[in-house]
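With our numbering, letter number 30 in the sequence shown gets 30, and the count goes up by one each step, no holes.
Do not take every clue at face value.
In the EDC-like style, the derived pairs of lysine to aspartate or glutamate whose C-alpha atoms are separated by at most 20 Å in a straight line are [as the list claims (entries may be wrong)]:
1) K130 to E87
2) K158 to E66
3) K158 to E188
4) K134 to E87
5) K211 to E93
6) K147 to E87
Hint data in this document are derived by calculation from the structure and do not stem from the laboratory.
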Amino acid sequence: MNCLPVIHVREEEAVCTRGEHLEGPLFLFKLWIRVSRNISTGLAIAGVILLARSVKLTTKFTNALEIPPEFIKKNVKLRGRLHQITEQGLQIEHVPITLPIISSFQRRYGLLLIRLAGVAPTPSGIDWLKEELKPAQMVWFQLLGRKNLELDCLVVVKKGRFSSVCLNEEILRNGLGRTVPIEGLTHESQIFWKLHRRLLQAELKAVKKSKGIWKEETFIEKFKERIIPGIISLEVMPTHVGMISHANHSCFHKLASFVLQGL
Numbered sequence: 001m002n003c004l005p006v007i008h009v010r011e012e013e014a015v016c017t018r019g020e021h022l023e024g025p026l027f028l029f030k031l032w033i034r035v036s037r038n039i040s041t042g043l044a045i046a047g048v049i050l051l052a053r054s055v056k057l058t059t060k061f062t063n064a065l066e067i068p069p070e071f072i073k074k075n076v077k078l079r080g081r082l083h084q085i086t087e088q089g090l091q092i093e094h095v096p097i098t099l100p101i102i103s104s105f106q107r108r109y110g111l112l113l114i115r116l117a118g119v120a121p122t123p124s125g126i127d128w129l130k131e132e133l134k135p136a137q138m139v140w141f142q143l144l145g146r147k148n149l150e151l152d153c154l155v156v157v158k159k160g161r162f163s164s165v166c167l168n169e170e171i172l173r174n175g176l177g178r179t180v181p182i183e184g185l186t187h188e189s190q191i192f193w194k195l196h197r198r199l200l201q202a203e204l205k206a207v208k209k210s211k212g213i214w215k216e217e218t219f220i221e222k223f224k225e226r227i228i229p230g231i232i233s234l235e236v237m238p239t240h241v242g243m244i245s246h247a248n249h250s251c252f253h254k255l256a257s258f259v260l261q262g263l
C-alpha cells in the first residue's frame, strides 16, 4: 500500500517528461516555419529593390532629362558610344548594362550631348579630339552636372588594355584649352576641389612646357606678325604719296626683299 503513491508519482513524471520531449521538436518546427516565412519576405523585398535599381542601371537614356537626379548627385559613371564631335561637345549614344529580358525593350535611339567639364577647348583642341577618337569608340563619362540638354562630364577613353586617358586633362596638358569653372558642382563639395586641382595641374604642365596656346612667340614670329606688314605696305606705296622719297622707297624695297628671303 505504501508503494502505490510512489509509483503514481513516477508515472506522472514520466508523462511530463514525455510531453516535454514532444513539445521540443514541435516548437523548433514552428520556429523554423516562421523564420522561413520572414526570410522569404525579406528576399522578396530585396529582390524588388534590386530589380528597381537594375531597371535604372539598364535603362537607355536618350536625352539628358531622362537621367535621374540622384545619378548626377552621386556622379555616376555611364558608358556610351561616340557618334560625332562638334563645337558644342561630344554626341554619345548611351550603352547601358545589358540584361536579356530588359534589353529587349530598350530599342530606343537618341544621343546625349556631353561637354568636357571644366574645359574650354580651342578649335585646335576640337581638331585634336577628332584625330584621337575613332568613330563608334566606347567611352566612359562621369556625370557632374546638367544644364538643359547638356551634360558636364569627365570623359575617359581606354588606351590599350591597362591604361586610360581623361580627355579633360589631356586637352589641358597639351595646351589645347583653358580651365573654366565646373558647372553643377558646389564649392563645398570635395569632388569640386579635387577635380579643379587635377585640371589646374594639367594646365600648369602645358604652361611650363609652352605647349599649345601657352607657346611663347619667338622674335621671328613677332617680326613676321608686326614688322613685315608695315614694310610691305611701304614697298607697294607709290613714291608720290606722303613724304617718302624715291631713295627711301628703294631702301625699304631692298630691306623687305632681304627680310623675306631670310625668313
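Consistency of the hints with the structure:
For a cut-off of 20 Å, the pair hint linking K130 to E87 stands: about 11 Å separates their Cα positions. Taking the CA atoms of K158 and E66, the gap is near 27 Å; set against the 20 Å cutoff, the hint is violated. A threshold of 20 Å between alpha carbons decides the hint, and for K158 with E188 the separation of about 31 Å lies outside it, so the pair is violated. Only pairs whose Cα atoms come within 20 Å are accepted, and K134 paired with E87 is accepted, the gap being roughly 17 Å.
Between K211 and E93 the alpha-carbon distance is near 33 Å, which puts this suggested pair outside the 20 Å criterion. Between K147 and E87 the alpha-carbon distance is near 16 Å, which keeps this suggested pair within the 20 Å criterion.
In the structure shown, a violation is registered for the earlier hints numbered 2, 3, 5, in ascending order.
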